[in-house]
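Letter by letter, the chains look like this.
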Amino acid sequence: MARREIGEINAGSMADIAFLLLIFFLVTTTMDVDSGIARKLPEKTDVQSDVIVKEKNVMDIVVNRNNQLLVENEYVKVTDVKRLAMKFIDNGGGIGTPIDDKPGEPCDYCGGEKDPNSSDHPTKAIISLQSDRGTTYGMYISIQNEIEGAYTELRNKLSKKLYGRTYDELLGDYKDNPSKSLQDKIDDLKNKYPQIITEPEPIK
Amino acid sequence: MSKFKKKKKGLPAISTASLPDIVFMLLFFFMVSTTMRETDLLIKKPVLPVASEVKKLELKSLVSTIYIGKSKDTRIAGDKIQVNDKIVEVKDIPSFIFSERALRKEDEVKFMTTSIKADKEASVGTILDIKEQLRDINALKISFSTSRGNDLSSNYK
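Here the protein sequences line up with chains C and F, keeping their order. Residue numbering for the first sequence follows the working numbering, starting at 1 and increasing by one per position. Residue numbering for the second sequence follows the working numbering, starting at 1001 and increasing by one per position.
Hint data in this document are derived by calculation from the structure and do not stem from the laboratory.
DSSO-like mimics (lysine-lysine), calculated; alpha carbons at most 27 angstroms apart, straight line:
1. F:Lys-1131 / C:Lys-204
2. F:Lys-1110 / C:Lys-190
3. C:Lys-82 / F:Lys-1055
Build out the structure end to end from the sequences listed, making use of the hints.
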C-alpha cells in the first residue's frame, strides 16, 4: 500500500477571510447615537419681573392625567397641536417686541391670517404647556415634539422663501462647513421665530 | 569546486503564513475594544418614546445620563431614577451633576448636557421635579432622549 501524500491546505486565502471579518466588525460596531429633543431650561433669577402678557399672545395647552388635551379650552388630539401652534405663531395680527428702543414692527414675513384675536407677532407668541403630574412621559414628549415640529416647519418655510434652502438644510450645511454668513442666517431665522415655551407648575 | 556552486541563489518568497495570524489579532483587538460601555441598568430598561424632531447629541463625553423607569421588582410602583449604577432620589440629582462637573475641565462645563432617558410610561411629575433640580444648579442644557420615528401613536396608548 502506497502512502498517499496529504496535500497541504492552502492558507493563502485565510488572510482575506480574516480581513473580511475585520472589516465587517469595523463597520457594524458603530455605536448607537443618542438623540433626542433638546431643550434649554430657563435660568433661575431672584428678581421676579412682572411682565404683562396679553391673553391673546399665549396659547394654552393643558394636558391632564388621562392624557387628554385642551388647547385654548377646546378638546383636541395630539396630532392637531402642530397645526394649531403654527397657526397661532404665524398669525402676526399686531406689532412685534421692540428691539433696542426701536418700536415694534408688524410681522412682514408671517403667512398667517392676521386675526386680531390671536398672537401679535412670532416674537410675542408664547406657548404654555401645563401638564399634570400624572401625565405619562410619552404624551409629554409627543406634545413637545409637535411644538418643536411647528417651529421647525415655520423656520423651514421662511428659510426657503429667503434663501432658497430649508432651515434643516442650512443647519446641515453649517455642520459641514461653519461660516459666518450661514451662522447669521440661522440666527436670523431663530430670532424671527423664537421658541418661547413656558411650563407652569404642574397640576397636582 | 563545482560541488559548492550547485546552490542556486534566488530570492526566497516571503512567507505569508503568519499574515492571517496578524489579521486575526487585529480582528480580536477590534472586537474586544469596541464593546460598548453601557452602565448596568438597575431599573427596567426604559422604553424610549418616539419623536420625529430629534437632534443628535454632540460631544458625547460631555453628556451625563439620567435613567428613569420602573423598578425591576414589579411589586414596587412608581418611577425610579438611576444615575451611575445606583438608584437615587430626586434630591440627589444636584450632587450627581456636581460630581460629573468635577470630572470635566472648567471651560467645558458650560457645554455639558444632561440626557434624560425616561420610560414613556413614567410620569411627568418626576421629570419636572428633575428639571427643577437641574435649574437650581444651572445645568440648563437638557435633552429628552427619544428614538427616531414618525409614528408617534405608540407614545400615548
